[in-house]
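Student: From these two lone chains plus the hints, build me the complex, please.
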Amino acid sequence: MLPAHPEASGFLPLTPATFHILLALAGGERHGYAIMQEIAEGTGGALRVGPGTLYGSLKRLVSDGLVEEVDDRAADDPRRRYYRLTGLGRAVAGAEALRLDSMVRTARSRKLIGPAST
Amino acid sequence: MSGPASGRPDRRDPLPWVVRVLSAAYPREFRDGYREDLQQCIRDARNALENPSPAARAGFWLRTSVDLAGAGLREHASSWRAAPRRSAPLRLLGFTSLALAAANVLVDFFSAELQMGIGALLLTSVGLAGGALLTRDGPGPPPDTGAPERGP
Chain F
1 MLPAHPEASG FLPLTPATFH ILLALAGGER HGYAIMQEIA EGTGGALRVG
51 PGTLYGSLKR LVSDGLVEEV DDRAADDPRR RYYRLTGLGR AVAGAEALRL
101 DSMVRTARSR KLIGPAST
Chain U
119 MSGPASGRPD RRDPLPWVVR VLSAAYPREF RDGYREDLQQ CIRDARNALE
169 NPSPAARAGF WLRTSVDLAG AGLREHASSW RAAPRRSAPL RLLGFTSLAL
219 AAANVLVDFF SAELQMGIGA LLLTSVGLAG GALLTRDGPG PPPDTGAPER
269 GP
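Protein chains in written order, with this note's numbering: chain F, 1 to 118; chain U, 119 to 270.
The reader is advised that the hints may include incorrect statements.
[Stated by the list, open to error] So the derived list for chain F, only partly shown, Cβ under 8 Å to chain U, looks like this:
id : residue
1  : 30
2  : 33
3  : 50
4  : 55
5  : 79
6  : 98
The set of hints was computed from the structure by calculation and includes no laboratory data. Just so you know, even glycine gets a beta-carbon here, dropped at the ideal spot from N, CA and C.
Just chain U, with the same shape it has in the complex (with noise of 0.2 Å):
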């Protein structure tokens, strides 16, 4: 079906591009150190289904997909709190103008008898902007992917 002995890869067959979407789901930094190990050990675990039958295959790539799913999420979870933090005052003043800027929002849809004029728009807009900024990671140096060089 695929991996054939010689390691030459068979272009009919959609795992690379499967796993290429599956793994979307990463931090860039994973997907990069990773994505050859994830497509090669899913390649071993579909080539060793016992019973290919399409239900079979149904289940093993909802159980790939749910697993992949669940640790993309992981990753950026651990990614998030590895990465550099902006000052807790810098964040809480982000937190705070998007808090306004989404109740202001939330009061003009909601009430009958304002209605969000150019300059209200704005300062919700600016607010937003500014809070999204200032609450969003620093700049720093790239997470270190764990993963080392792979050799030639």
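Just chain F, same shape as in the assembly (with noise of 0.2 Å):
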């Protein structure tokens, strides 16, 4: 369960690209063209986020303390920056997904779509 944040609700809704990149960063910490990579794979390749879009986004997303840069990873890559999500990060994509899932369930109950497969 996550931990409440009072803060997180403040943010939502999500873009599309943002909760992307929150999702990806929420497997671990992440350079900006594994983020990329990340997205265009967890999407099936529907999704695809240019590096000005991600660095854009990332920019806004440090900015606000919903992701940070990892310093102790620069000795081993220091080409790359590595980001990862702060605990306000990873709460604001948990209640973006609470709100998809309620949006979900609503489409469902209104025989939009089919049940849920197990």
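Tutor: What follows is the structure, encoded as structure tokens:
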């Protein structure tokens, strides 16, 4: 269960690109290109985030405190800057997932989509 | 092709120059904070091209250029929104001054009888310059790029 974070709801709803960046970082710390790859693979190629869009989003996520740079990876690979989720970022991603889940359940209850496959 | 494993830059690789040109679309603060990251990310993506035919390379650079240009415009809009503003009355005065100067130029251009004299030209110039000064952002601290300092 995610820790409650009173600020999390203030960031919702997230744009698809932002949500997918947070999802990619929920799997561990990553550098820019690894985030792009993770998003493309996670969406089956349906969403491709370019480098300009990615770093614009990362800049905002860092300044909002949802993502932070990992300092100790610079020695391993100084050409790349690694990022990871903060506690707030994890809470915001979780809150967005719950919001989307609620929408899917509403769509299911109105027979827009079939029952969830198990 | 590029990005040698040793980390030494390949001088024949045009990528740094291309990224430098493309990143000109960004605000200076963003360029200073993220140009090297953009360069590395684009290099990784280019090196991962499965079919490096000329058409694939052209498509890659077209997509990258469009993405960088669009993101650059968004960053400019974002920094413009975040910049300190002059007070509303001063901005209104500035926009009014610009509108009057522009209207004066248009009327003179389309009117067969009116010829802009030196006095009107000076007044129009003062209106344009004053309007531009009053509508631009006031002085203030540089916007936070959100980019932490890169380690050594």
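Student: Are any of the numbered hints broken by this structure? If so, which, sorted upward?
Tutor: Hints 1 and 6 are the ones this structure does not satisfy, whereas the remaining hints hold.
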